[in-house]
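> Going down the list, the sequences are from chains A and B. The working numbering puts the first sequence at residues 1 to 237. The working numbering puts the second sequence at residues 1001 to 1279.
Honestly, the hints are just simulated from the structure, not real lab data. Hints may be right or wrong, so weigh each one.
[What the hints assert, rightly or not] Below, a list of computed lysine-lysine pairs in the DSS-like style, where the Cα atoms sit at most 27 angstroms apart:
(1) A:K193 / B:K1038
(2) B:K1056 / A:K230
(3) A:K227 / B:K1136
(4) A:K65 / A:K125
(5) A:K65 / B:K1056
These are the residues of each chain, in order.
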Amino acid sequence: MSLLIKLFSPILHLYGVQRCICSTKPFSVVKTIPDVVMMHSDVLISQAREGDRHAQGKLVQLWYKRIYNFSYKFFYDHDLAMEAAQKTFISMHRNIAYLQDAARFRSWLYAIAVNCCREELRKKKGERSVSLSDLRPGEAEDSYTWERSGDRGENPERVLRQTELTDLLQACLTELSEEQREVVIMKEYEGLKFREIAETLNISENTVKSRMYYGLEALKRMFERRKITKETIGYEL
Amino acid sequence: MNYKPDEATLIAYLYGELDSAEQLKVAEYLQKNPEERKRLEEWSFTQSVMARLHDKEVIAPPIIFGEDSNHVPLWKENYFRMSLGIAASLLFFLVAARLLGLSASYSPGELKIGFGMKEKSATQEVPMLTEQQVSKMIQSSVTSNNEALQTSWQQDRKSLEQSIQKNLHSNSLKLDRLMQTTSAASQEQVRTFVGQLQSDNLKLMKDYMQLSAKGQKEYVESLLVDFSKYLDEQRKQDLQFLQARVNKVEQNTDQFKQETEQILTSLITNTSTNNQRRN
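Given the sequences, and given the hints that come with them, work out the whole structure.
Next comes the structure, spelled out in structure tokens:
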């Protein structure tokens, strides 16, 4: 792994990261170069804190996908996710100067994202009108799900089944309570530690674990209800 | 060993967030408890299913950060806007006052606020008088006033004297006439007047005496009647008293008689018993 880092060190340097080269932190969850940069973006954060707009822009580029996907899984709505992600980064730009500890940037950013998502959800609940984006694609033949296959080289049936599974899982996630959903997304998809989630949500670690426990139990029941078993999943694969 | 991990510990074990010692204990526990192991496997399966939900690819939109939000220009600062607003209001007020001709004045007990130009008074202002002129004017007015008073007093006194003399004259004439009439009355008339007075007095006394004699007689009569009644009553009471005393004496004598009789009988009985004993 250290060899890999040394290989990519010029690229990392371009991202304004110097500490990551000599860092001894494990890279077990690191998948891509931007991920490496994200994990070790202390220099970028410190520059952004000093008002460097270039560094702030870099942070946005690095973290946008994560925050957008967190918001998307929270809402299951592209527009709301975009809105929440944009508000999160605007808030980051306004308040990064007040961030005390650069090591807590991740939990701090997720805390902003959670607040933005909650605010958007409140607004959405307050609105009586239904937007066209709320009309989810159903299982009917005229659904635009059929038109969403990305790679034309893939097996269309497989793509369709994957799309259906994705919709199903996303629907299950949306059925969870707001509190459980936040914890499940942060743990399952964002890879935050329980301590970090507790810090983000400003609650105790045990409460986070308890919410995770009930979230998993609820998801398990939902899968049973929808007959998602090892066999059916195996068939999907 | 009766170790049983709680839900939080199991969840932490599932995500590999336990320290090695605790992890070993939980692993041992799971080996001994297949039901718990099955539950953990189910959670693990749930995790694996949820992992099928992949991230959406998204390109970060260009987010253009404006000027540094912490550095607000002076004209956008709240205090600057407020002071500017106050200054503008004052300026507007002054201009409006100038255009409307606002005037305000204050003197003790009086506040005047007016709009428009002040009208000039129709009467020409009198030039100021000196102190000597004023004193002269006062002096002349005082002397003229005194003279007027003197003349009016003299006229009043003359008219008063005239009226007094006139009254005195008329009164003396009246007195003279009265004296003449009184002296003209005759001796005979005086006698008859006195005689009449005496007879009236006599008659008055007579009536009075008659009335008083009659009253005295009635009073004496009633007094006598009352006295006789009193005597009667007194006699009755005395008689009753005497009667009571006599009755008491009678009772005493009767009692005395009975006692003596009892004594005598006792003596007799004693003597008879003594005689019997002797015999």
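> Compare the structure with each hint and give your call.
Hint check results:
no. : hint             : result
1   : A:K193 / B:K1038 : holds, 24 angstroms
2   : B:K1056 / A:K230 : holds, 25 angstroms
3   : A:K227 / B:K1136 : violated, 129 angstroms
4   : A:K65 / A:K125   : holds, 25 angstroms
5   : A:K65 / B:K1056  : holds, 8 angstroms
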